[in-house]
Amino acid sequence: MSGPTPPPAARAVRATKVYGSGATAVLALDEVSVDFAAGRFTAVMGPSGSGKSTLMHCVAGLDSLTDGQVFVGGVELGTLPDRELTRLRRDRIGFVFQAFNLVPTLTARENIVLPDRLAGRRPDTGWLDEVVGAVGLGDRLGHRPSELSGGQQQRVAVARALAGRPELILADEPTGNLDSHSGAEVLELLRRAVDDMGQTVVMVTHDPRAAAVADEAVHLADGRLDRRVTVPEIQTAGA
Amino acid sequence: MFTLLADTWHGPGPWILVFPLFWLGVIALAFFFLARRGGCGPRGRWAGAGGRSVLDERFARGEISADEYRERRSVLDEGARR
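So the protein lines, in turn, are chains U and S.
139 is the number that this note's numbering gives to position 139 of the first sequence; each next residue is one higher, with no gaps.
33 is the number that this note's numbering gives to position 33 of the second sequence; each next residue is one higher, with no gaps.
Keep in mind that the hints are not guaranteed to be accurate.
[As the list claims (entries may be wrong)] Under 7 Å between C-beta atoms, here's a sample of chain U residues computed to sit facing chain S:
no., residue
1, L85
2, R89
3, F97
4, Q98
5, A99
[What the hints assert, rightly or not] Now the in silico label distances, taken between C-beta atoms and shown as ranges:
no., chain 1, residue 1, chain 2, residue 2, range
6, U, T24, S, V26, 39 to 47 Å
7, U, G39, S, A66, 25 to 33 Å
8, U, T105, S, F19, 45 to 53 Å
9, S, V26, U, S64, 44 to 52 Å
10, S, R70, U, R191, 56 to 64 Å
Derived by calculation from the structure, the hints in this document are not laboratory data.
Predicted model only: the values in this text are computed from it and were never measured.
We treat Cβ as the ideally placed atom computed from N, Cα and C, and that holds for glycine.
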């Protein structure tokens, strides 16, 4: 928050999450403090059970912390009433999931504009054209998800996340259901969202090849922040 | 016999008004509950579409999983067909 660096898009401060209580309590997050810089692509890595998904869910406002704080765009999620939290999630965060989460009865294009439509916003057509162009689906935009390949479906999901021009895009194992070729296309689209469209992406993954596309990787182990590394091929250290 | 009745029957008292009021109340309640259930006419269908879009939105934001989405959607669709 000090000096010329812009405030982070999201941050966790001593984030602690305990599931259950007593003898069966599980410490999923143990005082994790991390900043997710605006306009950057950050990967959150770690083996299953390391707490990376829990961290993601807490940053997304899908789950609440036991102790500590999570901020999105300077707003602390823990203090928000449910209605405000829902609005923040709708207005400021775009989501991409392993299972795509596309509405099966809508076409690709309808899925992309769905959040705008449900929020009662008029989509910015110039932006939407740019997003739709970047997805590279061409004439398949009128197809339903079941008529698209997994990679195409996930690109539609990325476009849906981008359509509302959120402050933060959270991607939870976006390549987890895809072959390596389709996965690479999805990662390239996320990369372009950051480089060409100025978006902020935080991606949970256990795949080092996926993380290599990011600017930096945050490693979690046993619910603790293990280490934070910049990806040298893309970003020189010390930025 | 008739004279006897005529002698004691002096027409209805003011309590007779209770009957139409009672039935009016019953009809009003019946309409109220039918409307709330969305059981008749286009209102019912509209309520179904509203429920679906809430469901779609929650699914898109990851608040419910694909399995939950399918399950709840099928319940809504069943309700709309009925």
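Hint numbers contradicted by this structure: Hints 1, 4, 6, 10 are the ones this structure does not satisfy, whereas the remaining hints hold.
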